[in-house]
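A.B. asks: Model the full structure from these sequences, guided by the hints.
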Amino acid sequence: MAPCRRIPHPLSLLMQAVALAEALALGALPAFLPCELQPNGVVNCNWLFLKSVPRFSAAAPRSNVTSLSLLSNRIHHLHNSDFVHLPNLRHLNLKWNCPPTGLSPMHFPCHMTIEPKTFLAMPTLEDLNLSYNSITTVPALPSSLVNLTLSHTNILVLDSTSLTGLPALRILFMDGNCYYKNPCHQALEVAPGALLGLGNLTHLSLKYNNLTTVPRDLPPSLEYLLLSYNHIFKLDPGDLANLTALRVLDVGGNCRRCDHARNPCVECLNKTLQLHPDTFHHLIHLEGLVLKDSSLHTLDPRWFRGLENLTVLDLSENFLYDCITKTRAFQGLARLHKLNLSFNYCKGVSFAHLQLAPSFGDLTSLQELDMNGIFFRSLSENTLKPLAHLPLLQTLNLQMNFINQAQLSIFGAFPALHFVDLSDNRISGAPTRTALGEADDREEQVWLRPEDLAPAPLGNPKPRDFMPNCKHFPFTLDLSGNNLVTVKSEMFTNLSRLQCLILSHNCIAQAVNGSQFETLTSLQVLDMSHNKLDLYHGHSFTELPQLKALDLSYNSQPFGMQGIGHNLSFVARLHKLQYLSLAHNGINSRVNPRLYSRSLQVLDFSGNTVSSMWAEGDLYLHFFQGLQGLNLLDLSQNRLHTLLSRNLDSLPKSLKFLRLRDNYLAFFNWSSLILLPKLQALDLAGNQLKGLTNGTLPNGTQLQKLDVSGNSISFVTPGFFALATELQELNLSDNILSTIESSWFGTVAGNLKVLDVSANPLHCICGAAFVDFLLEVQAAVPGLPNHVKCDSPIQLQGRSIFTQDLRLCLDEALSWDCFGLSLLVVALGLVVPVLQHLCGWDLWYCFHLGLTWLPRRGPRGAQALPYDAFVIFDKTQGAVADWVYHELRVQLEERRGRQALRLCLEERDWVPGKTLFENLWASVYGSRKTVFVLAHTDRVSGLLRTGFLLAQQRLLEDRKDIVVLVILSPDAHRSRYVRLRQRLCHQSVLFWPQQPRGQGSFWAQLSTTLTRDNCYFYNRNFCQGPAAE
1132 MAPCRRIPHP LSLLMQAVAL AEALALGALP AFLPCELQPN GVVNCNWLFL
1182 KSVPRFSAAA PRSNVTSLSL LSNRIHHLHN SDFVHLPNLR HLNLKWNCPP
1232 TGLSPMHFPC HMTIEPKTFL AMPTLEDLNL SYNSITTVPA LPSSLVNLTL
1282 SHTNILVLDS TSLTGLPALR ILFMDGNCYY KNPCHQALEV APGALLGLGN
1332 LTHLSLKYNN LTTVPRDLPP SLEYLLLSYN HIFKLDPGDL ANLTALRVLD
1382 VGGNCRRCDH ARNPCVECLN KTLQLHPDTF HHLIHLEGLV LKDSSLHTLD
1432 PRWFRGLENL TVLDLSENFL YDCITKTRAF QGLARLHKLN LSFNYCKGVS
1482 FAHLQLAPSF GDLTSLQELD MNGIFFRSLS ENTLKPLAHL PLLQTLNLQM
1532 NFINQAQLSI FGAFPALHFV DLSDNRISGA PTRTALGEAD DREEQVWLRP
1582 EDLAPAPLGN PKPRDFMPNC KHFPFTLDLS GNNLVTVKSE MFTNLSRLQC
1632 LILSHNCIAQ AVNGSQFETL TSLQVLDMSH NKLDLYHGHS FTELPQLKAL
1682 DLSYNSQPFG MQGIGHNLSF VARLHKLQYL SLAHNGINSR VNPRLYSRSL
1732 QVLDFSGNTV SSMWAEGDLY LHFFQGLQGL NLLDLSQNRL HTLLSRNLDS
1782 LPKSLKFLRL RDNYLAFFNW SSLILLPKLQ ALDLAGNQLK GLTNGTLPNG
1832 TQLQKLDVSG NSISFVTPGF FALATELQEL NLSDNILSTI ESSWFGTVAG
1882 NLKVLDVSAN PLHCICGAAF VDFLLEVQAA VPGLPNHVKC DSPIQLQGRS
1932 IFTQDLRLCL DEALSWDCFG LSLLVVALGL VVPVLQHLCG WDLWYCFHLG
1982 LTWLPRRGPR GAQALPYDAF VIFDKTQGAV ADWVYHELRV QLEERRGRQA
2032 LRLCLEERDW VPGKTLFENL WASVYGSRKT VFVLAHTDRV SGLLRTGFLL
2082 AQQRLLEDRK DIVVLVILSP DAHRSRYVRL RQRLCHQSVL FWPQQPRGQG
2132 SFWAQLSTTL TRDNCYFYNR NFCQGPAAE
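If you're matching positions, the sequence shown starts at 1132 in my numbering and goes up one per residue.
In short, the hints are calculated from the structure, not lab data.
These numbers were taken from a predicted model, which means no experiment stands behind them.
Cβ atoms here follow ideal geometry from the backbone N, Cα and C, with glycine treated the same way.
Each hint can be trusted.
In silico BS3-like pairs for lysine-lysine, Cα to Cα no more than 27 Å straight-line:
id, residue 1, residue 2
1, K1226, K1312
2, K1836, K1809
3, K1402, K1338
4, K1226, K1182
5, K1679, K1602
6, K1920, K1226
7, K1679, K1663
8, K1478, K1516
9, K1457, K1478
10, K1338, K1226
11, K1663, K1707
12, K1365, K1312
13, K1884, K1920
14, K1707, K1679
15, K1402, K1478
16, K1619, K1663
17, K1836, K1787
18, K1679, K1619
19, K1884, K1821
20, K1920, K1182
21, K1469, K1338
22, K1469, K1516
23, K1679, K1787
24, K1787, K1821
Label pairs and their computed distance ranges (CB to CB):
id, residue 1, residue 2, range
25, R1466, P1913, 43 to 51 Å
26, H1412, C1241, 40 to 48 Å
27, T1295, R1436, 37 to 45 Å
28, R1436, P1913, 54 to 62 Å
C.D. replies: Below, the structure is given as structure tokens:
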């Protein structure tokens, strides 16, 4: 039986038609919703939690789409018609939609179904990625396919029918289909000749598949073969017999060194990878060979026989610590460019010395040598003697070797050396002759503790985004992460051509005085961050005439010592210095009142306390003003709560980029930007701005980029950005904006290249104006289709603003109102005639009987009073007056609707020209009640006292108690009169609640008190006479 369909209400259909008619002239929605169209025909649908392939609108330029990415969705079923509407698609990424159980984050079972003609509908498809999906067979594929990725799937069998009809296929990746994260308890089965039909296949990767032998009858066209991390323990010449075109061969990790493994490891049964002497001899085109993690103890020179074209050789993570001191295997590798010998250490042992074999000198084309983690403690001239005259050697990596004595001068003899990495060792200073082994050549071994062998991160922290990168300099020496306490000039003998020196993350605690780097006359970049430098001398670093960049960040310990002064005058003496970082030093006092430099362009002063410096009167007001050529100043994380105009005026006028991120600024004087006439970028992200008010961006500003993300901005003044005609990039993300209005921008909106409004709680009501505006500038809004989301109403929370077309949707409140009205009319039309016919006379009688029970209010004649209540209070108390005008008046006059009370207020209702007493008398006698609003009750004088006496007089004359006391401070001292009145007439003494949830009850009680006579509230136990009757 077909499900019942709800029939639309005629009024609803009419409203939809009207809305549609109004929307015809509006801008079109993004063509590929819910996905995002990127340049060059790329459609990005990543991370949208889609359960099916989106069907794009027929109006979208679907024929222009060449690449579709559906990465990390939840698509479990692919239909034959899913991609028919994309005739020119060339690249398709379906990775991570239905991962195998072992690879799923929650280990949920999943199975992907692919219908037979799904991919055949794309005759132009060249690149298909199906990795990380639980498919068990290779689906039918188009003949145009060039690149196919089937890694981390459940495909365990490849036979002659698996990949037929793919003459153009060149690249095939099938990694990780059977290993510890994706267990299958067997090996990938590749039938002999299964891939032989792929005549153009050049790249084949079968890593992590539990293979025990090299697959037979592979295509002879193969140039790249990757078989690492399987269980191939033995290689014979026949395994690679027909692969004469191979250029790269990776067989590493097949016989692993488990004491250095970072993941589950199985000991090799043969203790080493068994290689026949002639295994590689016929691979005359081989350029790259990977034998890493193969438990090799020796190198047989016959392995490399005939490999004249070999340029990259990876022998890392083996047991070659002894072999590299005497091997002759490198004698025939004259074209080798890169050699990796990292982590060929002897388990638990650190050698006193290391001397490379003479055959290293035959590597005349060697450009890069990695010797990390071999564990030797002394670096001397003899250690690298065979390398000294290699004409092309540029990079030498010696990280993590526990070197504690290093003769750095030896690197001066290397003719082409560009980069030497000695980071993460234990170098503590200049070596002695004995330490270098010149007086004692005995091989001393030190057994290491397990904690010494713990893995450490290789490489250094990324440089600041504005500091020069040492990779661009001809000669760099990295000594970071060592144990240096002092630096002496003799350490750098023969290194006069050194241009970049990295000494970060040491323990340098000396006072630099201008003599530490005398020999480094060409040095341009010096990184001494994360130390304990004492900047006491005014001539620090002045021995470096070519210095352009100096990083002194994270040297906070000396600046944290109370009472110790610091001398920054050396900056003025560095005439070529362009980049300086003093970040995160906690600088707040006892430094030079002003910095001077004509050459400095960039200063990082983040992580200090410039707020405390500027709070010291005018002492540090002009601290930065002497930097006449400064372009970029970073004052992030400086605990700034305010930024006065005089502070901005004291900054260099040459400033183009100003960063004020992560401070505490709740106010910014935007008009003061005119004081920085060249400013192009302002970063105020991560502050506490509540709104973009206080005027607008000034006319004439050169500001091109403004970042106010991560604040609490909820309101923007109309026209705020309109005068900033140069503005191109604006970041409003991560605020609390409920709408985006075109009135904020004026004509500037058309010039914006970037407008980021993501992570704002947008209020997606019907007809929301921000939708039209964002559609007008959609080319400038990053992530508009899926990163700009609604926060309200609740049914759209967390969803894209285009989930429902807010220009066409019906107003929900209006719809309910119309429905209720129509229902009421229909009900009345049916019920009233029926009731009149059946029991008309009875209803008429009950109606009139009910009228007799209603309280009768006589007409307001001569005895009617003009006011319901006269409110009297002390105008000199601002808080009381504010409460009366903005709370009491609003609640009783404006928010009660037809039951609103008429209040008499002195400043509004008293008649000009009359005396004070005449107005007071008329107000008391012309109101049904007199409300006394008091902050306290122990001292009452002036107008309050006179009004109270008149109210008492009226009680005596008219026998009417009209006094109502409202006390705003419940904790205040209560006079005897107040306490007595509480006993006699408790309802006439009201206290303003301190908790917001009690305010509703207060207004209800006050309304009742003002509309009824006080005689109803008197306590009958204490009162007698007419009031108690």
